[in-house]
Amino acid sequence: MRLILRRIVGQLGFEVSDAEDGRAALDLLAGMETVPNLALVDWNMPNMNGLEFVTAAREDPRLREMTLVMVTTESEQSHIVRALAAGAHEYVIKPFTSEAMIEKLALLGLVPTGANT
Amino acid sequence: MTLSASDFAFVAGLVRRESAIVLTPGKEYLVEARLLPVARQAGAASVAEFLAGLQRRPDPAANRAIVDALTTNETSWFRDREPFTALTDAVLPELVTSRSSNRSLRIWSAACSSGQEPYSLAMSLQQALPAGWRYHITGTDISTEMIKRASAGEFSQVEVNRGLPVQQLVHHFTRSGTGWKVTPALRENITFQQMNLTAPLPSMAPFDVIFLRNVLIYFDVETKRSVLRNVSRLLRPDGWLFLGAAETTIGVDESFERVAIGRTSAYRPRVQVPAGALGKG
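Same order as they appear, the protein sequences are chains A and B.
The opening residue of the first sequence carries number 14 in this note's numbering; numbering runs sequentially from there.
The opening residue of the second sequence carries number 3 in this note's numbering; numbering runs sequentially from there.
Quick caveat, the hints were computed from the structure, so don't treat them as lab data.
Note that beta-carbon positions come from the ideal geometry of N, C-alpha and C, so glycine has one too.
There is no bait here: all hints are sound.
These stretches of chain A come out as covered by chain B in the derived footprint (C-beta under 8 Å, 3 or more residues): (1) 90-96; (2) 103-112; (3) 115-125.
Just chain A, with the same shape it has in the complex:
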């Protein structure tokens, strides 16, 4: 999944870093000079899951500008509502097409509308 996402956003011109889980992602972010525009976050990860990561990222003023998108197989309405309440901006449910991902990023203003056409 990380490879697929890396390819999709890479083709859109993003420079991509990835991390094993939420804890590793926070460590990676702490060491970065510039905060990324976008974080694509799975729900199910060891050590720190996606919901905990989103909650932690929202509490960090330094990460305020980073857009958070959950990308996960968790498709229950209650999961989506919890992620949004924690501060996620969008939610992409697996399976998805690359067009779907691009359209979601367009909704968030991260890529121009119609980038896939």
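Position chain B relative to chain A; hints supplied.
Okay, now just chain B, sitting in the frame of chain A:
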């Protein structure tokens, strides 16, 4: 394996007669890909075998299935965004003023496919219309299969990912099996009906807004003209017509004028000037 020229001509002729959609050579791959599930359903091993049988023994149900398979497109929610933004930012405020006496709007989503457009329109209207206003949306499509799907209002996980903001998903849909179903509150006020835009249209009350998007591109200029003429009879004189981004009335039907709205444009019937008034102003 690709379709023989005669099989392609047979399918193109059928689709042309039934829907006025022109399949130009070069679309053999598309025809093959779309017809394979239809052929399998009919018990044939290949598209070629399916078409050979059909040419020996005509079957209206199989013809219908072919037209359905070739005239439907994958579609996303709030497709192209801008027309929906134009609707809520410019068109609705004007209509809310001009229709303030009856507080009711009629919208037509012509060629609505599996229903994403009429449901997106309903979401926009519910969000943008002031309290006390009513709306009715008519969704039509040439494909009976698509009308059945649109009417059921059930969408797969893959479909709800496409262009639908997740806040709208949790607000207007509930889980249904592995997919999602529109809520009764979104489904009400929408009527679905099968309709061929190139045939004489049934009588309907006129509409305030018509979405006729990504339809004209399939037609030759004569058919475009007749579709626009048909549709314009059902548009109120101060109504709005939205076409696809690659479509225009310009050079096809001069009874419309183009109005730029933000990054898109819509079309409105030109004010009819009585002949005697020409040249005086």
